[in-house]
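Go by the hints and put chains B, C and D onto chain A.
Protein chains: 4
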Amino acid sequence: MFSNRKEISVEWGDCDPAGIVYYPRFFEYFDSCTNALFEKAGFRKPELLKKYGLLGIPMIDTRAQFYAPASFGETVVVESRITDWGRTSFQVEHKLYKGERLAAEGTEKRVWTVRDTTAENGIRSEPIPQEVKDKFEK
Amino acid sequence: MFSNRKEISVEWGDCDPAGIVYYPRFFEYFDSCTNALFEKAGFRKPELLKKYGLLGIPMIDTRAQFYAPASFGETVVVESRITDWGRTSFQVEHKLYKGERLAAEGTEKRVWTVRDTTAENGIRSEPIPQEVKDKFEK
Amino acid sequence: MFSNRKEISVEWGDCDPAGIVYYPRFFEYFDSCTNALFEKAGFRKPELLKKYGLLGIPMIDTRAQFYAPASFGETVVVESRITDWGRTSFQVEHKLYKGERLAAEGTEKRVWTVRDTTAENGIRSEPIPQEVKDKFEK
Amino acid sequence: MFSNRKEISVEWGDCDPAGIVYYPRFFEYFDSCTNALFEKAGFRKPELLKKYGLLGIPMIDTRAQFYAPASFGETVVVESRITDWGRTSFQVEHKLYKGERLAAEGTEKRVWTVRDTTAENGIRSEPIPQEVKDKFEK
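Residue numbers (the numbering used here), protein chains in the order written: chain A, 1 to 138; chain B, 1 to 138; chain C, 1 to 138; chain D, 1 to 138.
Just chain A, with the same shape it has in the complex (with noise of 0.2 Å):
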């Protein structure tokens, strides 16, 4: 299945005083492994909302679940998957080691989303494009 692999270093600036990785910031690791997973498959951020008229791909759901903290100084490697394309939303697992150990895990759901100045708040979802879910097929 396709999948990508991203190692990120803990920073100083991503703990908190507890000495260890504020739990924001694992979105924030999460988020730039899914735009690494699709830059993988092809679709560098700029050009994925150049070339479809994207807005972005929002965040509809999250969960993190976190077994073992991490601190600065320590490389944590990432792997993210897409589990399941909806319609107009699609669904990303992450999951973060520490060396072998599993430190967290990370679910998201995004939608495929169009500026629309028509809509409620501004924007719209739009159905993905089969060639974007073919090219994670491969």
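For the record, the hints were derived by calculation from the structure and aren't laboratory data. Being a predicted model, the structure only gives us computed values, none of them experimental. Treat the hints with care, since some could be wrong.
[As the list claims (entries may be wrong)] Below, simulated DSS-like cross-link-like pairs (lysine-lysine); rule was C-alpha separation at most 25 Å, straight line: (1) A:LYS50 - D:LYS98; (2) D:LYS133 - D:LYS40; (3) C:LYS109 - D:LYS95; (4) A:LYS109 - B:LYS109; (5) A:LYS95 - A:LYS133; (6) C:LYS98 - B:LYS50; (7) C:LYS40 - C:LYS51; (8) C:LYS98 - B:LYS51; (9) A:LYS133 - A:LYS51; (10) B:LYS40 - C:LYS98; (11) C:LYS40 - B:LYS98; (12) A:LYS98 - D:LYS40; (13) C:LYS40 - C:LYS135; (14) B:LYS133 - B:LYS51; (15) C:LYS50 - C:LYS135; (16) B:LYS40 - B:LYS133; (17) A:LYS109 - B:LYS95; (18) B:LYS40 - B:LYS50; (19) C:LYS50 - B:LYS98; (20) D:LYS109 - C:LYS98; (21) B:LYS109 - A:LYS95; (22) B:LYS50 - D:LYS50; (23) D:LYS95 - D:LYS109; (24) C:LYS51 - B:LYS98; (25) D:LYS51 - A:LYS98; (26) D:LYS109 - C:LYS95; (27) B:LYS109 - A:LYS98; (28) C:LYS109 - D:LYS109; (29) C:LYS95 - C:LYS135; (30) A:LYS98 - D:LYS50; (31) C:LYS50 - A:LYS50; (32) B:LYS98 - A:LYS109; (33) B:LYS51 - B:LYS109.
Quick look at chains B, C and D alone, frame taken from chain A:
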């Protein structure tokens, strides 16, 4: 039931190129709201940590759902309360409103955590003092 | 002279493993204070951008000096004012106090910036409208 | 002269509604580059702190100038070096390039800092060990 309401101004720097709050910032909002909830119960975080010898109250499981975007210049209100007390962990619920509209929800499971140099990660959980729980029953 | 005072609560997530504000966060504080200064003058950022077709007021030169650390749970007050108006740029000064004590200072030079697809970076400066400057003279 | 080059991928979450790097993030970049410079000299930050009983190397004065914007999807390179060693402080210079173009510059003055519960802020400076300085002369 004991709860807290906190107003948050969405800052320019909280928003991404789509012009809406970058979703990891919502977790920063929620984290500050949990701290504000404890403060309302009489436990400012610096004194909480000092009094109970805590390293912190790290997150082990959190989920957020986003129903409507928020943008810079908007003010949102977050209602927070503790929904469950376990022996060493507790759950928090946040509801984020734009005006009357529920725009996002978050749930958290956190652990009462102390340093322990003999433990695997240098930290371990500890029973939450009854006097802490009692303050949230008022 | 026209100025603004803004109270900022130092959050747990603003602090680093040394337990003090991670210094890039001070720049986030200062940025929100510049926006608050404009808001006090009658220009909330969303309307400012819309009214004048601005991309933003990006920074071209900023310096900060830190005299005393701040930590989570503390409240600081930032006094901000515009110290100079140029044709297309302006300077802002921030003084951050912990109680009576000056704990940090920041200066900014920002540019009145619009999109221009023919320009090298896709953006260019534009003269600051006199009506904007006038609002800060009151 | 001893220096380090570090590649940084500009992330979506580093950028603001103008679509360009939110300038406080450049200070996060520079901070990670200072840590990378020390690491290249043989001092990974966790070990540096432990070996010398340091609280950290907090910033007391920093300035950055921005010549060209950077946006998500771009990779920048930062060249960093120490330009001056004082008794208890030192200066760092960063040059951030987009391709051949100098897009930003930063300077830092940091202090070798230890905890001291008898000091006014609970911290004080200490002379920088000669062996540390020596490693940057190689």
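Comparing the hints with the structure gives:
| no. | hint | verdict |
| --- | --- | --- |
| 1 | A:LYS50 - D:LYS98 | holds (21 Å) |
| 2 | D:LYS133 - D:LYS40 | holds (13 Å) |
| 3 | C:LYS109 - D:LYS95 | holds (19 Å) |
| 4 | A:LYS109 - B:LYS109 | holds (20 Å) |
| 5 | A:LYS95 - A:LYS133 | holds (21 Å) |
| 6 | C:LYS98 - B:LYS50 | holds (21 Å) |
| 7 | C:LYS40 - C:LYS51 | holds (17 Å) |
| 8 | C:LYS98 - B:LYS51 | holds (24 Å) |
| 9 | A:LYS133 - A:LYS51 | holds (15 Å) |
| 10 | B:LYS40 - C:LYS98 | holds (22 Å) |
| 11 | C:LYS40 - B:LYS98 | holds (22 Å) |
| 12 | A:LYS98 - D:LYS40 | holds (22 Å) |
| 13 | C:LYS40 - C:LYS135 | holds (9 Å) |
| 14 | B:LYS133 - B:LYS51 | holds (15 Å) |
| 15 | C:LYS50 - C:LYS135 | holds (18 Å) |
| 16 | B:LYS40 - B:LYS133 | holds (13 Å) |
| 17 | A:LYS109 - B:LYS95 | holds (19 Å) |
| 18 | B:LYS40 - B:LYS50 | holds (17 Å) |
| 19 | C:LYS50 - B:LYS98 | holds (21 Å) |
| 20 | D:LYS109 - C:LYS98 | holds (22 Å) |
| 21 | B:LYS109 - A:LYS95 | holds (19 Å) |
| 22 | B:LYS50 - D:LYS50 | holds (23 Å) |
| 23 | D:LYS95 - D:LYS109 | holds (15 Å) |
| 24 | C:LYS51 - B:LYS98 | holds (24 Å) |
| 25 | D:LYS51 - A:LYS98 | holds (24 Å) |
| 26 | D:LYS109 - C:LYS95 | holds (19 Å) |
| 27 | B:LYS109 - A:LYS98 | holds (22 Å) |
| 28 | C:LYS109 - D:LYS109 | holds (20 Å) |
| 29 | C:LYS95 - C:LYS135 | holds (21 Å) |
| 30 | A:LYS98 - D:LYS50 | holds (21 Å) |
| 31 | C:LYS50 - A:LYS50 | holds (23 Å) |
| 32 | B:LYS98 - A:LYS109 | holds (22 Å) |
| 33 | B:LYS51 - B:LYS109 | holds (22 Å) |
No hint from the list above goes unmet by this structure.
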